[in-house]
Structures are given as C-alpha cells and as structure tokens.
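Asker: Use the sequences and the hints to build the structure in full.
Here the sequence shown is numbered in the UniProt record's numbering, starting from 1 and rising by one per residue.
It is worth saying that the hints were derived from the structure and are not from the lab.
The beta-carbon is built from N, C-alpha and C at its ideal position, and this holds for glycine as well.
Just so you know, not all the hints are guaranteed correct.
Just the calculated beta-carbon pair ranges, DEER-fashion [said to hold, decoys possible]: (1) T127 <-> K90: 46 to 56 Å; (2) T127 <-> L170: 52 to 62 Å; (3) S150 <-> D117: 43 to 53 Å; (4) S186 <-> M159: 38 to 48 Å.
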Amino acid sequence: MAGRQRIGRQYYEEPRGFRDGPPPRLARERSISPRRIEGELSSRRGEIRRIHDDNQHLADEIVGLRQAMSRLKEDLHSSSQVIPKLRAEKEIESRELTQRNLKLEAELRSLEPLRQDALHLRSELGTLESLSQELNAKVQGLTKELEQQSSENQRIPAMIAERDDLRQELIRARRLLITRRMQSQS
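Answerer: Listed below in structure tokens is the structure:
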C-alpha cells in the first residue's frame, strides 16, 4: 500500500501475470546486516505510522462527512416537504391572479359601451361648444342691435314731441291760411 504522494514498490511481474508469491530472490544474495534491517524496520514503522495517521484522518473525515450527509438528508427531506407546499401556494396565487385578470377583462369589456358613449359625448360636446360660441356671437350682435334700438327708442319721445309740435304748427299755419283766404275772399 502506498502512502500519500508515494509510489508503491514494484514487484517483478511474471509473464503469466501472477503476483501471489514473494518476490523472486536476486541472483546474488548478500547477507543483510542487522543495522540495515533495523533501519528498514524503523522506516517501515514510520511509514506505517504515517499510513495509520492518514487512515485516522480519513476515518475522521468520513465520520464528519456522514454526519454532514445525515444533516443534508434531513434538510433535503424537510425541503422536499416544503416544496410541494410552496408549489401549492404558488398555484393558488397564480389562480387568484388569473381570476383577477379575467374579472378585469370582463369589467373592461362591460365598460367598452360606456367608453364609446364617452367618445360620442365628447364629440357632441365639441359641437355644442362650437354652437355655443356661435350663439354667443349672435347674442353679442343682438345685444348691440338692442342697444342701438334702445338708444333710438330713447329719441322717440323727443321725436314724438317734435312731431306734435310740428302738427300744432301745421294746424296753426292752416288756420292762419284759412283765415287769410277767408279774409281775402270777403
């Protein structure tokens, strides 16, 4: 088993692909000194300790991940129960909005004749305003005529008095003429 960032020991591979037995002995076997064996044992013990520490660290990580996974599963379960509720609420809200929209459209359709009436009344209002302006102009003209007639009417009594005076004068002149004719005939 190789440690972290270490390459495992390569054994001689047999041509048939079996690696069950111990590695083949070297052609020249030397006697290994106890110091060398001791050094190799101590290096293997260090490697075993490192592997053990790595394994312990991995086991702790696995335990932490399992705990986190159980919490995440609980969260997922609770959120999976909340999601249908949210969907139902959104569906209800969507239906309400759709119903409101349909009601507003129906109201708009029912108000369409009123809108047409309002447009018709606006056009009539325009014609009535122009007619009112024309009538105001006529009223002003008639008011001026009335003022002229009124000023003329105020002169009528003076004219009547003048006429009466002229009649009286005419009557006197006729009488005078008649009396002179009578005197000249007599």
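Asker: Using the C-beta atoms of S150 and D117, is the stated range 43 to 53 Å upheld?
Answerer: At roughly 46 Å between Cβ atoms, D117 and S150 fall inside 43 to 53 Å, so the hint holds.
Asker: Given the hint of 38 to 48 Å, check if S186 and M159 actually sit that far apart at their C-beta atoms.
Answerer: holds, 40 Å
Asker: Between the beta carbons of T127 and K90, is the distance compatible with 46 to 56 Å?
Answerer: Between T127 and K90, where Cβ atoms are some 54 Å apart, the hint holds.
Asker: Indicate whether the distance between the beta carbons of T127 and L170 respects the range 52 to 62 Å.
Answerer: Holds, since T127 and L170 (Cβ atoms, about 59 Å apart) stay within the stated range.
Taken one by one, the earlier hints all hold for this structure without exception.
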